[in-house]
Amino acid sequence: MTDLYQSQRAMRRMRKAAMDRGVVAILDLGTSKISCLVLRFNGPAQFSEADGIGSMAGQSSFRVIGAGTTQSRGVCFGEINAMGETERAIRTAVQQAQKMAGVRVDHAIVCFSGARPRSYGLDGHVELQGQVVSEQDIAQALANCDVPDIGEGREVIHAHPVNFALDHRTGLTDPRDQIGNRLSVDMHLLSIGSDEVQNLLYCIKRCDLELAGLASSAYVSGRAALVEDEQELGAACIDLGGGSTGLSIFIKKHMIYADAVRMGGDHVTSDISKGLGVPMSVAERIKTFHGGVVATGMDDREMIEIGGDTGDYEHDRRTVSRAELIGIMRPRVEEMLEEVRLRLDAAGFEHLPSQKIVLTGGGSQIPGLDGLASRILGQQVRLGRPLRIQGLPQATTGPAFAGSVGLSLFAAHPQDEWWDFDMPNEVYGARTLRRTMRWFKDSW
Amino acid sequence: MPHLNRRDPAPSRLSYRLHRLWLTPLFRFFMRSGMPVIVVALAAWAYLANEERRDALMLSLSEIRQSIEDRPEFMVKLMAIDGASTELGQDIREVLPVDFPVSSFDLDLDEMHRTISGLDAVAKADLRVRPGGILQITVTEREPAIVWRVHDQLELLDATGHRVAPLETRGDRPDLPLIAGIGADRYVGEALELYAAAGPLQPRIRGLMRVGERRWTVVLDQNQMILLPEKGAVTALLRVEALHTAEDMLARDVRAVDMRQPGRPTLRLSQPAAQDLLYSRTPDGDTQG
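As they're listed, the protein sequences go chains Z and Y. With the first letter of the first sequence counted as 1, position 33 gets the number 33 in full-length UniProt numbering; the numbers rise by one all the way through. With the first letter of the second sequence counted as 1, position 181 gets the number 181 in full-length UniProt numbering; the numbers rise by one all the way through.
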């Protein structure tokens, strides 16, 4: 548990350093697009409580001053597949955003959806020494959590304390200074494959940037697309991305489960490409302009030219009806949603008090998706767009940018109380003692 | 396929790095202001490193300056002196070695002002170059107030004791009072007060003598003297006057009135008068023999 402490705190230090510089790049590394936002932090929030606006969860403390989006290359299933290609794509996006911002950025906070995220629920408890819960007690409780075997070659990306319980009272968000005998904490831990993280780190480094933070895109999309009461009462956010579909479950404003289905919009495109015998770029174009999941009688008569470059007139003049296109797309979308349904069931989503489901991400723009999703996932489905943040260009306000916006919110207002508590004393002391001993040995 | 040989839209690593370098504030500042300054400075240094070029540059600069200074608008053609007597005017023209016409840039008015103010007869001088190329000198002369005899010479002093001019003979300025003695020039003001206080005695005064650089003695005609104290000289003189008016004292055979002890005026009689006094006091009159 101590290693976790240290890695999380090191991450926080990096982010603090980046925030002190005032300018941070937000990099959403997706399978279909890479987008980069440049944020400028102007210190504390500009609006005070007296204005009736509230702190807005830190959103008013930053402003987007640059944005760049480019087609992603070399990324599959949200993981880096071809390093050089990805590096070039990142350079394109970063340079574009820097040019718009007119400043140079050195630190990047990155989110990505791949690397097989896996959720764990942890709990730890401590018998209180004094009567009043102190920060040390909380730190001790966190440190007492037994870490599950997350497997070889995996790393912790998020570790949030989601709930504190004091004796028989549970559901506390901040137990400090309360009185009780036994403090227990529930923690949510998200692990990902470390090879993918290493690749990402190396790729960012090759772009002369410094990684100042890492987040799972399922988590940050949820931060952006779920409104406050949904986060409070329980909701799932489904981020239909290009290469993978992330899902995250929130309750009491904390993420309690996250997972990713390795299927996304690119698979729909490749189905169209195979089914109609057209290149991927044409298939993508047909999907975005004419795609849908619910066929009507009208769609039989709407013919789509799919074209071709062979020089054969018959081949180049091919047309398909929209109904045929929908017939190709719908099974794949259904498959994705069913897979999501399975994951939600596995997570015990039906036990939550509110079972709101929010679809976001570029894939959620398919016409008729909400109808299909409500048949598979339940009645409480809505399409979500990310929150509006200051200075965000109009072109980047769509649902495809939920990850970028969420990551900005995450950067401005990290939700990890974990970080606010100090190292437990004895651990810290032992380490110091050991280091002192080593220093003595080394010096004499 | 139309897109087979499409150029890679990604920036090359070099252009990416250069772009980032250009966005670095310090580098940008350096390129925008530091670099031009250095280039200009280097060029100037390289040009001026050659002595010939430097001299030529200085020469052309001084030629330009000269041509501007020599324009007729800046030439001063004559000197006008106001407020000075003929002799003083001649003196001023003598001490100012200016060859007209001269450029006003070459006139050192401060130096000239110092020279003119250095003349004894000048109390105050104003110099300016008037439009039309005239050097206007306005002088306030010192008014001689007293004649000072010292070291067998006669000097004219103004009311503050400053030297105005030498005097050939006393007869040249009979209207001015006379003082004598070393250090008398520092007490001209007091001397003038004494003259003013003299009243009816004034026509009889030949002069004031400074004795031992500390007190005045009024020298009257008929070899009479009034010895005044160091302090309160005017009061003492007024008392003598009062005595004279009441007793007609100075008309008698008195050599000196000694007022050095203000509370005790002392008379010194002439030898015959003292004799007479002595005789008149003794009963037989020939005791003295």
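None of these hints come from the bench; they were simulated from the model. Check the hints yourself; a few may be wrong.
[Claimed, not checked] Among the chain Y residues that face chain Z by a calculated CB cut under 10 angstroms, a handful are:
1. P9
2. P11
3. R13
4. R17
5. H19
6. R20
7. L21
8. T24
9. P25
10. F29
11. F30
12. M58
13. S60
14. S62
15. A123
16. D126
The C-beta atom is built at its ideal place from N, Cα and C for all residues, glycine as well.
Now the hints, each set against the structure:
1. P9: holds, 6 angstroms
2. P11: Constraint on P11 of chain Y satisfied, holds at 5 angstroms.
3. R13: R13 of chain Y check passes; min Cβ-Cβ to chain Z is 7 angstroms, inside 10 angstroms.
4. R17: holds, 7 angstroms
5. H19: It holds, given that the least Cβ distance between H19 of chain Y and chain Z is near 6 angstroms, below 10 angstroms.
6. R20: Holds. Min distance 5 angstroms.
7. L21: holds, 8 angstroms
8. T24: Hint on T24 of chain Y: holds, closest Cβ of chain Z at ~5 angstroms, below 10 angstroms.
9. P25: Holds: closest Cβ of chain Z sits about 8 angstroms from P25 of chain Y, inside 10 angstroms.
10. F29: Status violated, d = 13 angstroms.
11. F30: violated, 14 angstroms
12. M58: Where the cut-off is 10 angstroms and the nearest Cβ of chain Z is about 47 angstroms from M58 of chain Y, the hint is violated.
13. S60: violated, 46 angstroms
14. S62: violated, 50 angstroms
15. A123: violated, 71 angstroms
16. D126: Where the cut-off is 10 angstroms and the nearest Cβ of chain Z is about 63 angstroms from D126 of chain Y, the hint is violated.
Hint compliance for this structure: hints 10, 11, 12, 13, 14, 15 and 16 are broken, all remaining hints hold.
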